[in-house]
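Residue-level listing of the chains:
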Amino acid sequence: MIGLLKSMATTMKHALDGQTFTVEYPEDTPEVSPRFRGVHKFSQERCIWCRQCESVCPNDTIQIVQDDQRNGEQYNLHIGQCIYCRLCEEVCPVDAILLTQNFEFTADTKDELAYNKEQLKNVPWYKDIDPLEAREPDRGAWIGEGEGEVDYQ
Amino acid sequence: MSLEKPVPDAPDEVGVTEDGLDYDALEELVSEHVIDRESHVNAEALVIRPDAVQDTLSALKEEAGFDHCSAVTAQEYEDRYESIYHLKKFDDPTQQLSVVVPANKDEPVSESAESVYRTADWHEREAYDLVGIEYDDHPDLRRILLPETWQGHPMGKDYNQNQPQVVPLREHVNPLAEDHSAGEDSDTMFVNIGPHHPATHGVLHVKTVLDGEQIADIDPDIGYLHRNEEQMCEQSTYRHQIMPYPDRWDYTPGGILNEWAYARAAESMADIEVPEYAQVLRTMSAELTRIAAHMLALGTFGLDVYGDFNAIFMYAVRDREAVQNILEDLTGQRLMFNYFRLGGVSWDVPEPREEFFEKIREFLDGLPEYIEEYHNLITENEIFQLRCIDTGILPPEVAKNYGATGPVLRGSGVDYDLRRDDPYGYYDELDWNVVTEDGCDNYSRVLVRMREVEESAKIIRQCVDLLEDWPEDDREIQANVPRTLRPEADKEVYEAVEGAKGELGIYMRSDGTDKPARFKIRSPCFSNLQTLPEMSEGEYIPDMVASLGSLDIVLGEVDR
Amino acid sequence: MVESAPLPETFSDLLGLEQFGVAGEFLAGLLAAGLVGTFVLLNTAVAGPWAKRKITASFTDRISVNRVGPWGLGTIIVDSVRLLSKELIIPEDADRPAYDLAPLVLAGSALLGFAVIPMGNGIQVADPEVGLAYVFAVASIASLGLLMAGYSSSNKYSFLGGLRAVAQNLAYEIPLVLTGASVVIFAGTLQMSEIVAAQQETLLQLGPVAIPTWFGILNPFAFALFVVANLAEVGRNPFDIPEAPTEIVAGYQTEYSSVYFVLFYLGEFIHIFLGGALIATLFLGGPAGPILPGIVWFTIKIWAVFLFTQWARSALPRVRIDQLIEIGWKGLLVLSFANLILTAVIVGVVGV
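Residue numbers (our numbering), protein chains in the order written: chain A, 1 to 153; chain B, 1 to 560; chain C, 1 to 352.
No wet-lab data here; the hints were simulated from the structure. Predicted model only: the values in this text are computed from it and were never measured. One or more hints might be untrue.
Said to hold, decoys possible - With a straight-line Cα cutoff of 30 Å, these simulated DSS-like cross-link-like pairs (lysine-lysine) come out:
| no. | chain 1 | residue 1 | chain 2 | residue 2 |
| --- | --- | --- | --- | --- |
| 1 | B | K359 | B | K458 |
| 2 | A | K127 | B | K359 |
| 3 | A | K6 | C | K330 |
| 4 | C | K156 | C | K330 |
| 5 | B | K458 | A | K6 |
| 6 | B | K105 | B | K157 |
| 7 | A | K13 | B | K458 |
| 8 | B | K491 | B | K157 |
| 9 | B | K105 | B | K61 |
| 10 | A | K110 | C | K86 |
| 11 | A | K121 | A | K110 |
| 12 | B | K491 | B | K515 |
| 13 | B | K61 | B | K491 |
| 14 | B | K515 | B | K157 |
| 15 | A | K13 | B | K359 |
| 16 | B | K105 | B | K515 |
| 17 | A | K117 | A | K127 |
| 18 | A | K127 | A | K110 |
| 19 | B | K207 | C | K156 |
| 20 | B | K105 | B | K491 |
| 21 | C | K156 | C | K86 |
Put together the whole structure using the sequences plus the hints.
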C-alpha cells in the first residue's frame with residue numbers, strides 16, 4: 001500500500017509543480033548545438049569540383065555532373081536520402097559544403113527533396129548561426145597517411 | 001578495485017593454460033573431425049567435417065567449456081560455402097574459438113548445431129535465408145528475415161538482383177492458407193500479436209496460440225524491418241562509409257555503442273592503435289548512450305505494464321532528453337551520432353570545455369534524485385511487483401543456451417559483461433561494478449537496467465574528471481590512419497562489445513579491397529528475442545507483453 | 001438545504017403542465033431528463049476531449065491542447081466534429097444488431113443511472129424508494145453492452161476484451177453493492193434523497209469548521225472499498241484490463257469507429273461520472289457543502305472522483321486478469337462482507 005501511495009505522490013508532485021518539459025514548437029524553437037548537422041549549404045564559389053564528397057557519401061546522396069573540361073555543371077543533393085553523417089563536410093578541402101543548423105524542411109513528394117546547387121545555396125541559416133564560426137571542421141582524419149605508402153585517391 | 005570478476009572454481013577444461021588457450025589441445029580433443037586449421041585475428045579456427053558439427057561442438061562445450069555460441073556466420077566463397085560458429089566462454093570471453101564448417105558448393109548442406117546450442121536455431125535459419133546453406137537436422141529450417149515467398153538467397157554469389165524477388169502468393173505456397181486452428185473441438189485460439197500492435201515496440205509479429213488467456217504456443221516472426229545492413233556494409237568502405245550505419249541498428253539510441261562494435265572489429269583487423277585520450281572520450285560517450293538507451297527501455301516497459309496514460313514514459317524521456325542534449329553538443333546529432341572514426345573519434349569535447357563538463361556534472365548530480373523517483377514510481381509499487389516478480393522466468397542455464405546477453409543475462413544472475421571480461425576502451429582503468437540480479441524474472445531485468453544507469457553515471461563521472469585534467473598538448477583524438485584502408489586479403493575477425501542490449505559482435509572478412517568481403521552483425525536483440533517463447537509459454541498475455549518489454553528489443557537491430 | 005420535490009414536479013408546477021394529465025406528466029419528465037442528460041453530457045464533453053488530456057498532461061509534465069480557443073477549450077468542438085466526420089467502418093463478419101446496439105447500451109445504461117441521483121437544488125428526475133438498487137441495476141447493464149460489443153465485433157481482441165469486461169464486472173459488482181449496502185444500513189433507506197439527508201448532521205464542530213456525518217467520514221473503510229471497487233467497475237487503472245491497449249489493442253472497442261466510437265467513449269466517461277455521482281451521494285453528502293449551491297458542490301465532487309481516476313492512471317500499473325479476479329473474489333468480497341457485518345453490528349449495538 002505504501003508503495004502505491006508513494007507512486008501516486010510522485011506523479012501528483014509533478015502535476016503540482018507546474019513545470020513542463022515539452023515546448024510549443026513553432027513559437028518556441030529549440031536551441032540547437034553549434035555542432036548540429038542539418039540541411040546542407042553549398043557554395044559554388046568555393047567548390048573546386050574535386051568530387052571527394054560524392055565518393056565519400058555512404059549512400060549516393062550527392063551527384064555531381066561535370067563537362068568534358070571537368071568544370072562543374074550540376075551539383076545535386078537528394079536531401080530526402082541524406083543521413084546527415086557530415087562526411088562530405090569533413091572531406092571538403094575548401095569548406096564549400098556546410099551542414100547548417102537548419103533542420104526544418106518539408107516537401108510533398110520525393111522529387112521535391114532533390115535539391116540542385118541553386119536551391120542548396122539558398123538554404124537559410126538557422127537563427128543566423130553560421131556553423132563555420134561555431135565549429136572548426138576537423139580534418140585530422142583526412143590528412144592521415146598511415147604507416148604505409150601515401151595514397152592520393 | 002571493483003572490477004575483478006569472481007574467479008570460478010577452476011573447472012577442468014581442456015585447453016586452458018596459464019597464458020591463454022592451448023589451441024593444439026583443443027584440436028586434439030576433436031581431432032577425428034578436424035580437417036584443417038585457420039588463424040583468425042581474434043582466435044584460432046578449427047575447420048571440421050560438415051557431418052560432425054554436433055559431435056565437435058558438444059565435445060567443445062562439455063569438455064572445453066565453450067558454453068557460449070556467440071554467432072553463426074555463413075558465407076559463400078568461389079569454391080565453397082562456409083559456416084563459422086564463434087564460440088566463447090561465459091566465464092572468460094577472451095577465450096575464443098571459431099569452428100569453421102565448409103559445405104559443398106553445389107549442395108551446401110551441413111549438420112545443424114541446434115541440439116548443442118539452442119541459439120543456433122535462429123542463427124542457422126538466418127544463414128539459410130540469406131546465404132542458402134541448408135542445415136541437416138535443424139528442427140525448423142524456414143526463412144526468418146525475408147518473406148516466405150522470397151526467391152533465392154540474397155547474399156549468395158549467384159543471386160540475381162534483377163529477378164523478381166517476391167513472387168505472388170499464387171506462384172508459391174500460400175502462407176495464409178495454412179489453417180492455424182487445431183480443429184473444431186479445440187480449446188485454443190490463434191492470435192496475431194503484431195506486426196502493428198501497441199506493445200511490440202516496432203514491427204514485430206508474434207504468432208500466438210492462446211488457451212483462454214494463457215499462451216499455449218508462441219512464435220516470434222521477424223524481418224519486417226530487414227534491410228540487409230550486412231550487405232550495405234559490404235558495399236561501403238572501411239574507412240568512413242560503414243561508420244554511419246551502426247547508429248541505425250539500435251536507434252534507441254545505442255548508436256555510439258554500436259559504432260564501437262564496428263570500430264573495435266575494424267581496428268583489430270587493421271591493427272590500429274587508438275590514442276588514450278580518444279579512448280576516454282569513447283568510453284564517456286558510449287556510457288552516455290547507454291543511459292539514454294536504458295531510460296527508453298524503462299519508459300517503454302512502463303508503457304507495457306502501466307498502460308498508455310502512465311507518467312513513467314514521459315519522465316524517462318525527460319531524462320533521456322538531458323543525455324541527448326549532451327550528446328548533441330558532443331557529436332552534433334541526437335540519435336545518429338556518427339561520432340567514432342577508425343582510430344579515434346571525430347571531435348574533441350566542445351569549447352568551452354568547462355561549460356560542457358559542467359553540463360554533464362549537472363546531469364549526473366541530478367540523476368540520483370531521478371532514480372529515486374523511478375524507484376518510488378516503479379520498483380517499490382506493490383502492483384508493479386505483483387506483475388513483474390516471478391513472471392517471465394528465464395533460468396540462467398536456459399539464458400546461456402540461447403545466447404542471451406546484456407541486461408537479460410545479468411538479470412538471470414550470470415555475471416557476464418564484455419566491458420570487464422573482454423576489456424576495451426578505458427573501462428579497465430575505471431572503478432565500476434557489473435550489476436547482476438538473481439531473480440531471473442521481469443523485475444530483475446528492469447532492476448538491472450536501473451542499476452546499470454547508476455554504474456554508467458559512475459563511469460562518466462570518472463571520465464569527465466580524466467578529460468578535465470588531461471594535459472593540453474596530449475589531447476590526440478585520432479590516430480594516424482591511412483585515408484584508404486585496405487587490410488590484407490583473407491583476414492577474418494570477430495570482435496564484440498557490450499552494447500546497450502548485450503553482446504554486439506561484428507565479423508569481417510577482408511579480400512584486399514577497401515570494402516569488406518563479408519560483414520556479419522551479431523545482434524544481441526536477435527538472440528535475446530529467441531528466449532521469448534521460453535519465458536512466456538504457459539503465462540498470461542500481459543506477462544508475455546511484459547517479458548517482451550523487459551527483453552528491450554529494438555527491431556532495427558533484430559532485423560538489421 | 002431546502003427539501004425540494006423532484007425535478008419533473010417542479011417543471012409541471014412552473015409551466016402549469018398539470019392540466020394536461022398524463023401527457024403533461026410525461027412532458028415534464030422529458031424536460032427534466034433532458035436537463036439532467038444535458039448536464040451529464042456537458043460534463044463528459046468537457047472531460048473527454050479536453051480535461052482528460054489536460055489532467056494527463058499535467059501529470060506527465062506536458063503542455064497538451066492549447067491551440068484552439070482559450071486554454072484549448074475549442075478542442076471540444078473540433079474533436080467532436082473530427083470524430084463524427086470519420087468513416088464508419090463495420091467489419092464484414094460483425095453480428096449486426098448486437099454490434100450496433102452495444103454502444104447505445106453502454107452509453108444509455110450509464111445515463112439512466114443519473115435519473116435518481118440528487119444533484120442539489122432539486123435537480124433529480126425521480127426519487128423512487130429503491131433508488132440505490134436501481135442505480136446498481138442499470139449500471140451493470142453496461143457489462144452486457146461490453147459483452148455484446150466484444151462478441152459481435154468478430155475480432156479476437158474484442159472477444160477477449162468482452163470476456164475480461166464481464167469477468168471483471170462480475171467480480172467487482174458484488175463488493176460494490178455490498179459496500180453500498182453498508183451505507184443503506186446506516187441510512188436505513190434505499191431512497192437516494194434520504195441517504196443524502198442522513199448525512200447532513202454535524203458530527204463534530206471544530207471552531208468554524210463543521211464536520212458533517214458524511215458516511216465517507218463515518219466509515220472510511222467502506223469508502224475506500226467503494227472507491228477501489230468503483231475503479232474496477234468503470235475500468236480505470238489499475239483495473240483497465242478490458243481495454244488494456246498494450247495487451248489486447250483496445251479490447252471490446254477495437255473495431256468501433258466514428259459515431260459508434262464516440263458513443264463508447266462517451267459511455268465510458270458517463271460511467272466514470274456515474275461512479276463519481278454514486279460516491280458523492282453515498283459517502284460525500286451528495287450536493288451538500290457550504291456557501292456554494294448544491295449543484296456546484298455536486299459537480300465538484302464528481303470531478304474530484306474523475307480526477308482521482310486519472311491520477312490512478314498516471315501512477316498505477318494494471319494488474320493481470322487472474323490477479324484482478326483474485327483481488328476481487330478473495331480480497332474485496334471478503335472485506336466488503338466484513339464491512340457489511342461490522343456495520344450492521346455497530347449500527348445494531350449503537351443504534352444510530
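Which numbered hints fail: Result: no hint breaks.
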